[in-house]
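Novice: Fit chain C to the known structure of chain W by using the hints.
Top line first, the protein sequences correspond to chains W and C.
Going by the working numbering, the first sequence opens with residue 1, and the numbers climb by one from there.
Going by the working numbering, the second sequence opens with residue 1001, and the numbers climb by one from there.
Just so you know, these hints were derived from the structure itself, not from any lab.
The reader is advised that the hints may include incorrect statements.
To be verified - Now the stretches of chain C that chain W is said to cover, found in silico as 3 or more residues with beta-carbon under 8 Å:
no., segment
1, 1023–1030
2, 1036–1048
3, 1130–1137
What the hints assert, rightly or not - Straight-line distance between alpha carbons at most 16 Å, and here's what the computed EDC-like set of lysine to aspartate or glutamate pairs gives:
no., chain 1, residue 1, chain 2, residue 2
4, W, Lys162, C, Glu1031
5, W, Lys56, W, Asp14
6, W, Lys167, W, Glu128
7, W, Lys57, W, Asp14
8, W, Lys167, W, Asp117
9, W, Lys167, C, Asp1021
10, W, Lys162, W, Glu133
11, W, Lys162, C, Asp1021
12, W, Lys167, C, Glu1012
13, W, Lys162, C, Asp1194
14, W, Lys167, C, Glu1013
15, W, Lys162, W, Glu149
16, W, Lys162, C, Glu1041
17, W, Lys167, C, Asp1016
Think of the CB as a built atom: it goes at the ideal place given N, C-alpha and C, for glycine as much as any other residue.
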Amino acid sequence: MRLQPLLHSVARGDPDAVRACIERYGPLVWSIARRFGADAADAEDAAQEAFIELWKKAERYDPARSSEPSFVAMIVRRRLIDRARMRAVRAKSEVAIDDAELATPIVDSPDAVEIADEARHAARALSELRPEERRVLELSIFHGLSHDEIARAVRMPLGTVKTHVRKGLQRVREALGVEPRAPATKEARA
Amino acid sequence: MSANDDARTRAEERIDALLADRATQGLSSAEEQALATWLAENPDVDPESFERAAAALELAMSARDRVAMPAHVRARVLASAPIASASKSRGRLVLVSGWLAAAAAVLLALFLWTRGASKHGEHVDELVARIEHARDVVRAPWKATDDPEGRAVRGEVVWSASEQRGYLRLAGLPANDPSARQYQLWVFDAQRDDRYPIDGGVFDVPSASGEVLVPIDARLPVAQAKLFALTIERPGGVVVSQREHLVALASL
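Okay, chain W solo, but in the shape it has when bound (with noise of 0.2 Å):
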């Protein structure tokens, strides 16, 4: 099921339109904002920074690119390690090494009506990759270890943590569909 995209009328302003975002991508962006916040207040800050943000950005979204949930994702992810980089604020590392606390596909959730198909894809890619590169994609998307903690936390060369990053990313792309080149009409980024 698709849920009606709200954020070109967010760009115009619409009242109903910016609570109903708040309503439908505040679980999203408070679970992004607590873990990349240091704190309770911190998250609090990063939850409202990263939504001045999607106001900022809502105008350049394309269906044609992307889910709206997985454009929502992109930004609050970009302001968050932003933010995080700037205030040399890491999230807890307080990491779930042993494999049995890795995240599993939730192709089967019973929430999957309410998953972007991208998330879907990006599920089947990740349990198809090795278990190794699982864990550093877990250990950096989720729980937002940079590369040197990564490294740090697995006993892993750098350079194979970033090799594992993105080749992972590589292939998720793929699984996506997404072109690594874009179509001759490219858009700035957003």
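Specialist: Chain C alone, transformed into the frame defined by chain W:
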């Protein structure tokens, strides 16, 4: 493979490495500059392809991690949203960047409404008796605003900070059709930012005559209640009121 092909392959690998880094941990200023240079030299590269892959993974991995954003955070977010301000109307508080207290000191209490019983399960009569015996019970009379729908309001707010509970005694408010609109209570806490008042919940006035007695249960800790305000909103209430129908105020 020719030397040119080798060079192109290395350039693509370098761009991919930077894009993957940017999508997962960000880049230094020097790296951003290097990437910008390479992207300018390779305009057919999609600069967002890795970020979109990372976003898809985020959606997949975080699906079970999501919980509702706290109400006060929602209020902050909404207060910073690009919503065109509503036109002025009678009864509205004058606001800057969201909420401002009215000229008179006002107090808001936070509460949850149930029909005759608080969320603690006791009947409203029992709640009244409990509050009346609280060591720090305070009272604030309702005052009408310019809104014609609140011109006949009377009654009081009774509140105990130590109990974090209280009740409203209300009369003179028009009965509402819950399918069309509801009354909503707002709280200003002296120790909180006035721009982010606490949603006090919605309630109905079933009859235009007689007194309404409604239990108050604080949803969030109220450190120092200073204002109670009633507005009329759409069914279910709103996250942030446009204050088009501010019908009553009570100041502690």
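Novice: Now tell me if each hint is right for this structure.
Specialist: Okay, the hints, checked on the actual structure:
no., hint, in the structure
1, 1023–1030, "holds (count 4)"
2, 1036–1048, "holds (count 6)"
3, 1130–1137, "violated (count 0)"
4, Lys162(W) / Glu1031(C), "holds (15 Å)"
5, Lys56(W) / Asp14(W), "holds (14 Å)"
6, Lys167(W) / Glu128(W), "holds (12 Å)"
7, Lys57(W) / Asp14(W), "holds (15 Å)"
8, Lys167(W) / Asp117(W), "violated (21 Å)"
9, Lys167(W) / Asp1021(C), "holds (12 Å)"
10, Lys162(W) / Glu133(W), "holds (10 Å)"
11, Lys162(W) / Asp1021(C), "holds (8 Å)"
12, Lys167(W) / Glu1012(C), "holds (13 Å)"
13, Lys162(W) / Asp1194(C), "violated (47 Å)"
14, Lys167(W) / Glu1013(C), "holds (11 Å)"
15, Lys162(W) / Glu149(W), "holds (12 Å)"
16, Lys162(W) / Glu1041(C), "violated (24 Å)"
17, Lys167(W) / Asp1016(C), "holds (9 Å)"
The structure fails to meet hints 3, 8, 13 and 16 from the earlier list, while all remaining hints are met.
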